[in-house]
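Residue numbers (numbering that gives the first Met the number 0), protein chains in the order written: chain B, 0 to 176; chain R, 0 to 545.
Check before you lean on any hint, since a few could be wrong.
Straight-line Cα separation of at most 35 Å, DSBU-like style, residue types lysine-lysine; simulated pairs [to be verified]: (1) R:Lys227 to R:Lys46; (2) R:Lys525 to B:Lys35; (3) R:Lys227 to B:Lys33; (4) R:Lys525 to B:Lys33; (5) B:Lys148 to R:Lys146; (6) B:Lys148 to R:Lys525; (7) R:Lys394 to B:Lys35.
Derived from the structure by calculation, the hints contain no laboratory data.
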Amino acid sequence: MEEQLKRSRDRIVRKWTDALLNTYSPEMARFIRKEKDLFANPVGAAVRTSLGPLFDALVDDESPERMVAHLDQLIQIRCVQDFAPSEAVGFLLEIKGIVRTQLSEQESRSAVRFLETFDRRVDLLVLRAFDRLAMYRDRTWEVRIREVKRRVATLARMSRLTDQDLDPGVAPTPATE
Amino acid sequence: MARQAKFDEIEYYDHKALSAVDFRPPETGWMDTPVDMRPGTFIYPAKPRHLEYLGFPNPREWNPQDDDWKLPENWKEIIFKGMRERLDEYRSFRVFMDICVRCGACADKCHFFIGSGDPKNMPVLRAELIRSVYRNDFTTAGKILGKLAGAREVTIDVIKEWFYYFYQCTECRRCSVFCPYGIDTAEITMMARELLNLLGLNVNWIIEPVANCFRTGNHLGIQPHGLKDTLEFFADDIEEATGIKVDIPLNKKGAEILFVTPSGDFLADPGTFTCMGYMMLFHELGLDYTWSTYASEGGNFGLFTSHETIKRLNAKIYAEAKRLGVKWILGGECGHMWRVVNQYMDTVNGPADFLEVPRSPITGTVFENARSTKMVHITEFTADLIKHGKLKLDKSQNDHIRVTFHDSCNPARAMGILEEPRYILKHVCNHFYEMPENTIREQTFCCGGGAGLGTDENMEMRLRGGLPRGNAVQHVHERFGVNHLVAMCAIDRATLSTVCEYWAPEVRVAGIHELLANAMVMRGQKKRTLNLRLEPINGEEGDGDE
């Protein structure tokens with residue numbers, strides 16, 4: 000079954016990408032496809048480099064930690080875009096349906112076992128992705144607090160409110176799995 | 000087409016339904032898509048007391064998330080009259096309303112579109128929000144053909160849309176670089192904001208600084224004794240780092256030069272260290288200059304409010320120059336201040352005939368480019384000093400840092416200062432790396448917090464807008480080990496610190512004159528072991544990945 004999916008890899012990844020792009024406006028979806036420059040289109044770059052390797056990782060049954068690494072940048076981006084948390088990672092679940100459409104009804108029935116395992120991998124992936132999303136969400140609050148502190152740095156130092164370095168220079172270390 | 004099940008519905012897993020799934024997005028016209036005021040994306044409204052202080056219309060408490068924005072009853076009339084007056088007064092506004100052929104060259108150049116994907120952040124469509132109203136009520140074609148000609152009636156929802164999107168434009172003018180007609184999108188935003196201001200639709204992050212500046216001389220409302228204390232406090236830190244007690248000339252009549260810089264550098268890290276850098280430089284040169292407690296603001300949030308407000312705030316600098324009897328004005332590392340000086344000052348308050356054409360007392364260089372405004376950018380002044388060998392610099396003091404330079408939108412695009420900051424940086428540090436060329440110089444990406452957007456309640460929106468810049472910074476961090484981003488704008492220093500913390504967490508932000516002062520060898524200084532942040536120089540602590 001893995002072999003069959005690998006043979007259909009390009010078609011599956013294309014459909015999965017469609018599902019992801021479907022969460023954006025049509026204008027943005029066109030832009031993401033069209034503009035290939037990493038600096039002119041960082042979202043496009045993140046899309047292009049994530050789903051292919053992620054699909055391979057799913058089929059090859061890599062650990063959830065390794066799977067989610069392929070997604071990191073995309074999640075960091077989607078964390079601050081106009082999505083509810085469920086929408087930000089929800090597109091990942093579409094792979095369940097997409098994989099099933101690659102199989103005939105007959106094949107699906109005989110592949111029940113495989114699909115069960117596959118679905119579980121996807122579920123684990125989604126949970127990890129949600130962890131990453133929450134981590135980046137925390138970071139948005141963290142950087143906001145730090146900015147507000149920096150804003151009154153002189154006052155804080157002059158009034159000896161704090162001896163703490165207001166800008167240690169390095170953002171909070173990402174929570175690692 | 001039958002309704003399709005979504006992945007979070009049980010029917011989705013039915014095989015037949017699955018094969019019908021179609022991922023093509025539904026197309027809805029932009030005119031029919033109302034705004035969604037989600038926390039994190041908009042800025043809080045102006046407090047009534049600040050509007051009252053300025054004599055601005057319709058002061059009141061209101062909330063963008065409420066249905067009722069408490070507009071004046073005749074709001075439509077006010078908008079039409081306001082548009083009519085501005086179309087008559089500013090030829091540029093009329094031209095920008097008429098001339099766009101919707102070629103789309105600007106569409107994907109806005110950092111907010113790139114980061115958010117919201118089509119109304121495409122400059123062409125953002126302008127269309129107001130152009131559609133212009134067509135409907137000020138052009139014959141629009142009056143006859145209506146929607147067919149891209150016209151629409153102005154409604155409360157349209158006004159809400161203006162508020163949402165015109166306070167999502169940072170007036171950075173990157174899109175204008177790509178416009179074949181040279182449409183200045185920032186000026187469209189400025190006009191839209193002027194109209195919104197007529198209805199009392201403004202944001203506190205802009206109006207409070209404007210009111211403060213009008214009252215006490217600077218955005219932060221620092222009073223004269225507060226400014227004196229602040230500068231003295233900086234002098235103490237400088238003494239700790241260098242062993243030298245610098246002078247603080249304040250409101251000094253008859254000084255040769257009035258120095259004006261954004262007040263953000265008095266209060267907010269890391270701008271504070273750049274401010275110390277100025278103090279050290281001027282002391283070392285023995286410059287006959289003065290700070291002013293009245294003109295204690297280089298920035299001009301009038302630019303984000305209305306032409307009238309630009310004039311009111313800018314006039315204070317020139318009034319103070321006259322009162323003190325200085326010869327010319329030197330301006331610090333600020334962004335939009337230079338757009339005001341370079342492109343509006345001369346017509347709103349100039350020419351400043353009572354001042355002299357700026358001439359460096361150290362090198363004798365005459366700054367011909369400032370012949371009319373009499374105001375010189377500090378990087379021009381400092382680059383000239385270095386060129387003439389007037390500063391002793393020890394680059395190795397900055398050897399522990401690897402630097403890239405962010406061109407601040409206004410100095411780069413509204414003034415063309417591209418070489419001077421690089422010239423200085425290359426003379427004060429050994430490790431300088433450029434970001435990719437489509438993200439610097441004229442094509443520089445905005446910090447996402449300019450034009451009055453640099454507050455924290457809209458952090459989500461700012462981080463979207465900061466993505467293209469943050470992405471390029473992260474790239475040079477990964478490729479060259481860059482750990483410092485230098486910017487010559489107070490808003491940049493404040494907001495890019497945050498952008499970096501999110502998108503490129505190993506990179507910290509500094510100003511040009513901070514690095515210059517760290518490298519500058521001052522006469523009589525003690526052995527320098529601390530930088531201006533009072534951290535060990537070339538030490539292991541707190542410097543990213545060194």
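Here is how each hint holds up against the structure:
A distance of roughly 29 Å separates the Cα atoms of R:Lys227 and R:Lys46; the hinted pair therefore holds under the 35 Å criterion. Pair hint R:Lys525 plus B:Lys35 does not hold up; C-alpha atoms about 53 Å apart against a cutoff of 35 Å. The straight-line distance between the Cα atoms of R:Lys227 and B:Lys33 is roughly 55 Å, outside the 35 Å bound, and the hint therefore fails. Between R:Lys525 and B:Lys33 the alpha-carbon distance is near 58 Å, which puts this suggested pair outside the 35 Å criterion.
Note on B:Lys148 and R:Lys146: the hinted pairing is violated, with a Cα-Cα distance of about 49 Å set against a maximum of 35 Å. Straight-line distance between C-alpha atoms of B:Lys148 and R:Lys525 comes to about 32 Å, which keeps the hinted pair within the 35 Å bound. With a C-alpha separation of about 39 Å, the suggested pair R:Lys394 and B:Lys35 falls outside the 35 Å cut-off, and the hint is violated.
Of the hints listed earlier, those the structure fails to meet are numbers 2, 3, 4, 5, 7, in rising order.
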